[in-house]
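Put chain B on the given structure of chain A with help from the hints.
From first to last, the protein sequence lines stand for chains A and B.
Residue 104 in the working numbering sits at position 104 of the first sequence, with consecutive numbering throughout.
Residue 300 in the working numbering sits at position 100 of the second sequence, with consecutive numbering throughout.
Quick caveat, the hints were computed from the structure, so don't treat them as lab data.
Among the clues, some could well be false.
[Said to hold, decoys possible] Computed far set for chain B versus chain A, every beta-carbon distance over 10 Å: (1) Ile252; (2) Gln258; (3) Asp262; (4) Gly268; (5) Ala285; (6) Arg314; (7) Arg315; (8) Glu316.
[To be verified] Pairs of lysine-lysine, DSSO-like flavour, derived with a Cα cap of 27 Å: (9) A:Lys146 with A:Lys23; (10) B:Lys286 with A:Lys23; (11) A:Lys61 with A:Lys41; (12) B:Lys281 with A:Lys23.
[What the hints assert, rightly or not] Computed spacing ranges between beta-carbons, pair by pair: (13) B:Lys286 with A:Ala175: 16 to 24 Å; (14) A:Glu74 with B:Leu284: 25 to 33 Å; (15) A:Thr91 with B:Thr244: 44 to 52 Å; (16) A:Glu170 with B:Trp245: 20 to 28 Å; (17) A:Ala174 with B:Pro317: 48 to 56 Å; (18) A:Pro144 with B:Ala240: 44 to 52 Å; (19) A:Arg132 with B:Ala261: 23 to 31 Å.
Note that the Cβ used here is the ideal one computed from N, Cα and C, for glycine as well.
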Amino acid sequence: MPAPHTDDIALRVRAIESLLVEKGLVQPAALAAIVETYETKIGPHNGAQVVARAWTDPAFKARLLSDATAAIAELGFSGVQGEDMVVVENTPTVHNMVVCTLCSCYPWPTLGLPPNWYKSAPYRARAVIDPRGVLTEFGVELPPEKEVRVWDSNAELRYLVLPERPAGTEGMDAAALAALVSRDAMIGTGVATSSSGAAR
Amino acid sequence: MLPETGWPSGMAPPGGGPSPVFREPWEAQAFALVVALHQAGHFTWPEWVATISAEIRQAQADGDPDLGPTYYRHWLAALEKIVLAKTLAGNSELRLRRMECAANPPGKHDHPARREPIRVV
Numbered sequence: 001m002p003a004p005h006t007d008d009i010a011l012r013v014r015a016i017e018s019l020l021v022e023k024g025l026v027q028p029a030a031l032a033a034i035v036e037t038y039e040t041k042i043g044p045h046n047g048a049q050v051v052a053r054a055w056t057d058p059a060f061k062a063r064l065l066s067d068a069t070a071a072i073a074e075l076g077f078s079g080v081q082g083e084d085m086v087v088v089e090n091t092p093t094v095h096n097m098v099v100c101t102l103c104s105c106y107p108w109p110t111l112g113l114p115p116n117w118y119k120s121a122p123y124r125a126r127a128v129i130d131p132r133g134v135l136t137e138f139g140v141e142l143p144p145e146k147e148v149r150v151w152d153s154n155a156e157l158r159y160l161v162l163p164e165r166p167a168g169t170e171g172m173d174a175a176a177l178a179a180l181v182s183r184d185a186m187i188g189t190g191v192a193t194s195s196s197g198a199a200r
Numbered sequence: 201m202l203p204e205t206g207w208p209s210g211m212a213p214p215g216g217g218p219s220p221v222f223r224e225p226w227e228a229q230a231f232a233l234v235v236a237l238h239q240a241g242h243f244t245w246p247e248w249v250a251t252i253s254a255e256i257r258q259a260q261a262d263g264d265p266d267l268g269p270t271y272y273r274h275w276l277a278a279l280e281k282i283v284l285a286k287t288l289a290g291n292s293e294l295r296l297r298r299m300e301c302a303a304n305p306p307g308k309h310d311h312p313a314r315r316e317p318i319r320v321v
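Chain B on its own, in the form it takes in the complex:
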């Protein structure tokens, strides 16, 4: 059993069974974007670590208990920062793209629901 001062609830117990690498698809996508940009030479790994660790410190200062599940939120925030810092994209076009994405949820227009078999042979 874990003492009260030990591992926060909601965390996988130490040494416990295998946990999924990514809990949700967006975590995997955010992870892959950083690795792909790094591999393409847009930033060094120490530059990335400096960015994400600053993000984690800021989140802790703002009251995030930082127990692990919020990790990929910090990852995404750091990705957005480094993309802007390296001028890979601009702030206004990123904001505009978010609005466009919000107005066009994936699959809503290009993939209508079909409630009958689409082919019977």
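The following block holds chain A by itself, in its conformation from the complex:
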């Protein structure tokens, strides 16, 4: 038996959906297609392809850093919450991490929907107040001299981190490299390592 509040909130969703469908403002098939897309097709594996391409194709990387929206669209990853993308590059001297300080703005076409912690008040606040502390909790240890830049995604503009390519991956092709790029590495709460990955 679900909790009563769950019944209540499910009821509210059902009511507004049935009203909007009846008025012809939304179509049930379109709703089902949206849910299926976000549950199965869109996710960090898309962003991982962007990163792997940038690691293996210098011309693409240059386009990605100068006009990320257009470069990402070359790979077919466009749509809601991906209209104005900016890619920030991690280097030996700079680490980037992304937050939405207001709510949960996040690049859906490349990363899918955000994890719970990204939407939570503690992350939204602490990523700004104490980014190095947050990174430590995520298991990211940076040398003190490395600069940390925190970027605020909003309704019009969303950031994606281009992680540093791990050492020892010189012989790998883009497909193998993509498997090393995790969601967190593209938010900047993780880094890519030669054995990391799980960008699924």
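Okay, now just chain B, sitting in the frame of chain A:
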């Protein structure tokens, strides 16, 4: 291990395994309604973000610790607000529809339970 000042209990640990995109079907439906209305041009995305972020701020002011699991509740409340603000539906018809839905749970009438095989060949 996460320090006490860090991630609230009940949250997926940072960098942990994949968590389901939607925890319950209503979350997925509420999400899809907003995307569908936006794609049909009924509101811009910045209008939506202004609505949901106001909802989140209000919830925090009312004492919601806002740790993530309540996110789609705010999402639904913001959906209801923007639908009314854009006069896509009226407050009274929405209330009436809720009562109708409450009186007619899904499947109760149109899909009786059958405890025998419905076909044997």
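Okay, the hints, checked on the actual structure:
1. Ile252: About 6 Å separates B:Ile252 from the closest Cβ of chain A, which leaves it inside 10 Å; violated.
2. Gln258: 12 Å, holds
3. Asp262: 13 Å, holds
4. Gly268: 4 Å, violated
5. Ala285: It holds; B:Ala285 is separated from chain A by about 14 Å at its closest Cβ, greater than 10 Å.
6. Arg314: 22 Å, holds
7. Arg315: Fine: 20 Å to the nearest Cβ keeps B:Arg315 off the interface.
8. Glu316: Nearest chain A Cβ is 26 Å from B:Glu316, so the label holds.
9. A:Lys146 with A:Lys23: Violated, at roughly 56 Å.
10. B:Lys286 with A:Lys23: This hinted pair holds, its Cα atoms lying about 14 Å apart.
11. A:Lys61 with A:Lys41: 24 Å, holds
12. B:Lys281 with A:Lys23: The given pair, whose Cα atoms are some 17 Å apart, holds under the 27 Å limit.
13. B:Lys286 with A:Ala175: 16 to 24 Å: 45 Å, violated
14. A:Glu74 with B:Leu284: 25 to 33 Å: 40 Å, violated
15. A:Thr91 with B:Thr244: 44 to 52 Å: Violated, since A:Thr91 and B:Thr244 (Cβ atoms, about 35 Å apart) do not stay within the stated range.
16. A:Glu170 with B:Trp245: 20 to 28 Å: Roughly 41 Å apart at Cβ, these two residues miss the hinted range, so it is violated.
17. A:Ala174 with B:Pro317: 48 to 56 Å: Taking Cβ atoms as reference, A:Ala174 and B:Pro317 lie about 52 Å apart, which means the hint holds.
18. A:Pro144 with B:Ala240: 44 to 52 Å: Holds - the Cβ-Cβ distance for A:Pro144 and B:Ala240, about 51 Å, lies within 44 to 52 Å.
19. A:Arg132 with B:Ala261: 23 to 31 Å: 29 Å, holds
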